[in-house]
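Novice: Each chain, written out:
2 protein chains.
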Amino acid sequence: MPKKISNEFNVYTLIDKKKKKEKLSPTEIKWFIENYTSGVIADYQMSAMLMAMFIQGMDIQETAALTDAMLESGEQLKFVGKNVIDKHSTGGIGDKASFILAPIAAACGVKVPMIAGRGLGFTGGTVDKIEAIEGFKTALSLKEFQNLLNKNGLVLIGQTPDIAPADRKIYALRDVTATIDSIPLITASIMSKKLAEGANGMVFDIKYGSGAFMKDKKDAKALAKSLIATGKRFKKKGVALITDMNQPLGQAVGHSHEIIESIETLKGNGPEDLTELSLELAAYMVLLAGIDKTIEKARIRVKKTITDGSALEKFKVMLKAQGGNPEVVDDYSLLPIADEHTTLLAPKSGYVKSFVNDKIGLLLIDLGGGRKSKDDEIDHSVGFVFHKKVGDQVKKGDPIMTIVHHASQVNVVAKILEKMNKEVITLSSQKVKPLKMIVDKVI
Amino acid sequence: MPKKISNEFNVYTLIDKKKKKEKLSPTEIKWFIENYTSGVIADYQMSAMLMAMFIQGMDIQETAALTDAMLESGEQLKFVGKNVIDKHSTGGIGDKASFILAPIAAACGVKVPMIAGRGLGFTGGTVDKIEAIEGFKTALSLKEFQNLLNKNGLVLIGQTPDIAPADRKIYALRDVTATIDSIPLITASIMSKKLAEGANGMVFDIKYGSGAFMKDKKDAKALAKSLIATGKRFKKKGVALITDMNQPLGQAVGHSHEIIESIETLKGNGPEDLTELSLELAAYMVLLAGIDKTIEKARIRVKKTITDGSALEKFKVMLKAQGGNPEVVDDYSLLPIADEHTTLLAPKSGYVKSFVNDKIGLLLIDLGGGRKSKDDEIDHSVGFVFHKKVGDQVKKGDPIMTIVHHASQVNVVAKILEKMNKEVITLSSQKVKPLKMIVDKVI
Chain C
1 MPKKISNEFN
11 VYTLIDKKKK
21 KEKLSPTEIK
31 WFIENYTSGV
41 IADYQMSAML
51 MAMFIQGMDI
61 QETAALTDAM
71 LESGEQLKFV
81 GKNVIDKHST
91 GGIGDKASFI
101 LAPIAAACGV
111 KVPMIAGRGL
121 GFTGGTVDKI
131 EAIEGFKTAL
141 SLKEFQNLLN
151 KNGLVLIGQT
161 PDIAPADRKI
171 YALRDVTATI
181 DSIPLITASI
191 MSKKLAEGAN
201 GMVFDIKYGS
211 GAFMKDKKDA
221 KALAKSLIAT
231 GKRFKKKGVA
241 LITDMNQPLG
251 QAVGHSHEII
261 ESIETLKGNG
271 PEDLTELSLE
281 LAAYMVLLAG
291 IDKTIEKARI
301 RVKKTITDGS
311 ALEKFKVMLK
321 AQGGNPEVVD
331 DYSLLPIADE
341 HTTLLAPKSG
351 YVKSFVNDKI
361 GLLLIDLGGG
371 RKSKDDEIDH
381 SVGFVFHKKV
391 GDQVKKGDPI
401 MTIVHHASQV
411 NVVAKILEKM
421 NKEVITLSSQ
431 KVKPLKMIVD
441 KVI
Chain F
1 MPKKISNEFN
11 VYTLIDKKKK
21 KEKLSPTEIK
31 WFIENYTSGV
41 IADYQMSAML
51 MAMFIQGMDI
61 QETAALTDAM
71 LESGEQLKFV
81 GKNVIDKHST
91 GGIGDKASFI
101 LAPIAAACGV
111 KVPMIAGRGL
121 GFTGGTVDKI
131 EAIEGFKTAL
141 SLKEFQNLLN
151 KNGLVLIGQT
161 PDIAPADRKI
171 YALRDVTATI
181 DSIPLITASI
191 MSKKLAEGAN
201 GMVFDIKYGS
211 GAFMKDKKDA
221 KALAKSLIAT
231 GKRFKKKGVA
241 LITDMNQPLG
251 QAVGHSHEII
261 ESIETLKGNG
271 PEDLTELSLE
281 LAAYMVLLAG
291 IDKTIEKARI
301 RVKKTITDGS
311 ALEKFKVMLK
321 AQGGNPEVVD
331 DYSLLPIADE
341 HTTLLAPKSG
351 YVKSFVNDKI
361 GLLLIDLGGG
371 RKSKDDEIDH
381 SVGFVFHKKV
391 GDQVKKGDPI
401 MTIVHHASQV
411 NVVAKILEKM
421 NKEVITLSSQ
431 KVKPLKMIVD
441 KVI
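Note that the protein sequences, when read in sequence, are chains C and F. Take the first sequence: its position 402, counting from 1, is numbered 402 in the numbering used here, and each next residue is one higher. Take the second sequence: its position 341, counting from 1, is numbered 341 in the numbering used here, and each next residue is one higher.
These aren't lab readings, by the way, just hints derived from the structure by calculation. Don't take every hint at face value.
For chains that are exact copies, the list does not tell them apart, and a pair is met inside one copy or across any two.
Unchecked claim - Here are the simulated lysine to aspartate or glutamate pairs, DMTMM-like style, with alpha carbons at most 25 Å apart: (1) K297 to D59; (2) K303 to E423; (3) K17 to E34; (4) K218 to D16; (5) K21 to D59; (6) K169 to D16; (7) K374 to E8; (8) K218 to D181; (9) K359 to E8; (10) K389 to D292; (11) K359 to D16; (12) K21 to D219; (13) K316 to E75; (14) K419 to E8; (15) K374 to D16.
Put together the whole structure using the sequences plus the hints.
Specialist: Rendered as structure tokens:
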């Protein structure tokens, strides 16, 4: 039963105000969100408000008020000690950095509370990926979540309805009303959840490019600034790296394959781009936690957790604590891996010029390694391995990428191979500059 | 049961397009409106689209396409002969001009098909007003409507679900999502209904000021231009007068009182402003119908229908044809009129400076002469009579306005009297220029 609406404000007047590009006060925003969450304000009124917010914009004070209202709609965790540092990535193709940076940071003494999502659109989800490890439980209570964080320094669970339920309801509406890609709305959505997780600092990986939600570097930087500024309003320190997502991160795309690549990176054998990004994000977590005074010292500390094996050890601790088999780290045959390999060979000599990155995500869905609709099962065993990066020289006949699939999938594999060749990967006869991974930073 | 959505377009993509201020094609608009009307597109998606249309605007081609889509959602009447001319007023306080101009135009040989609305917000409705005459039926079938128009040259019915059902559904949504006052949306709403009524030309009375939906003269002119331009796309001739609504039109406000004032105007005893406006609108109807070649000749013709009694006769014909007692024209005691009169006397000498006109409409609702919610009964017997116009000189103690009410209403009358004095009517010690009735014209 919807609660009776308080007559402090009026739904119509507030929509009208934002429509006219006027500023909404924090109490007005709080009133609107509370009454929407409780079911008093209808979806069709909220969607009109969201479109007005989208087009007319929200300043930093309004964004903070929206964040606060969504934060207060659910439970809020509190952690003592300033070493609780959270990480958020806007997501991309092959983004498995969380599995690497969290154990690294935890091995340095940071406490890393991770509440992660499932696959959305063309990008895979952290929760889906870790579930490639049989038995790993991501559905823990907030109590268990807190206990494991205090005990082990890292914990990874899926999103829970207890945290920011207003955001969940609003996000579902934005998803069907073309109001997703608004910087203030994205900021409030991310920050309300991150603040509820009780971290004292946050490191953001804001991706742009063909494999990210933000296609444009300028938009990514604007989002980064908005997140950091909003965090400051809540007295949270933050760092945001602006990173390139115009080619897959690392080499592996697909659930089991990304877990294996993460473990290899923790062992010191990871691809250069993934290693660089994971270490840099972890170093900023160490810095924000106050463990080191300078980023240079933090960089040295995080590197050491790879060479001394302490990061890999933390990863095993997390697996064990949440029901996964830690032996997977030494025996990849414990993971589901499809039997067949089909490799795309370079049709001509030249240089890798570009990837249409979001298409890779959609092709993985075609292969069964992602969801077409909400209730689809994911096949963790299939995936892609990319052997080349932008700028790499290739000779005709060199392997460019490999599809890992089931024997029964010959038809879909043939189609994917053709699309990879014609629509995803472009070769150039002229030399191409490699892409820089980390292009900018907002503190 | 909602129909299956055609996959010609995608709801999300079209909302996204308008959100980005891109132009929608006629087929895209038609697809969206059709699927909303049939229930396939949800209210919350339509309201996001309406807000995007509101803020980002629609050009004349989009407005015409929206009009066309809403027009085609329902039945469309067709009349032979170019003398079928419709009239639309955007409404205001004391606006009873339809009851006067329609019989005048009909007496000149124009066929006047009127489909009118009920009271909305602070303005009264034409249908509510005519129902002060006992037995008058406004719920006729479209067949009866056509027959009476052909037979008598005028007919007045209420809105029917057969005409532009898409507009009805969209209007209800606009009403609760702050998307009413958009010129393209208003244009499509008005024009879809007017075009469905089958008229070959249209005369518009676009009001601005404190007693109109458009507060600003500039907005009124923009709406007038939009209506005329949209009409032209459908090969309909049109004239729009921009008229002042900063004081009540005529003297009477309230249902029975407005009917009496209309009849008095048809007899040649009407207030100057109401007479001027009704004659001018009727003259343009005569001109558009092709009965006269110049507006000057049309003006002479319409005046004659008052002096020779032919307009009053047409009014009686309409009453008789639709079940009302034509004797009301000579015996006002056949109308419900409350017994008591309470008069506001000028508290000081001076000049009438201004009226806060929309408050008059709200005070009439307080008196029982309007609806607070959709299903309220209207008391046709109560009302206000304003004895002064802006610019009139008053002496202390002169009657300014009179409340006609029931004996039981002493408390509410006292409050209304106080508000009329303190919040509605302002007197000035300095001379004030009278307001011009017709301020501009769009052809």
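Novice: If a hint holds in the structure, say so; if it does not, say that too.
Specialist: Structure-based check of all given hints:
| no. | hint | in the structure |
| --- | --- | --- |
| 1 | K297 to D59 | neither (36 Å within a copy, 60 Å between copies) |
| 2 | K303 to E423 | neither (38 Å within a copy, 75 Å between copies) |
| 3 | K17 to E34 | within (18 Å within a copy, 30 Å between copies) |
| 4 | K218 to D16 | between (30 Å within a copy, 20 Å between copies) |
| 5 | K21 to D59 | both (11 Å within a copy, 21 Å between copies) |
| 6 | K169 to D16 | both (22 Å within a copy, 20 Å between copies) |
| 7 | K374 to E8 | between (38 Å within a copy, 23 Å between copies) |
| 8 | K218 to D181 | within (13 Å within a copy, 35 Å between copies) |
| 9 | K359 to E8 | between (48 Å within a copy, 22 Å between copies) |
| 10 | K389 to D292 | neither (34 Å within a copy, 80 Å between copies) |
| 11 | K359 to D16 | between (40 Å within a copy, 20 Å between copies) |
| 12 | K21 to D219 | both (21 Å within a copy, 18 Å between copies) |
| 13 | K316 to E75 | neither (29 Å within a copy, 71 Å between copies) |
| 14 | K419 to E8 | between (57 Å within a copy, 24 Å between copies) |
| 15 | K374 to D16 | between (35 Å within a copy, 22 Å between copies) |
Comparing the model with each earlier hint shows violations of hints 1, 2, 10, 13; every other hint is respected.
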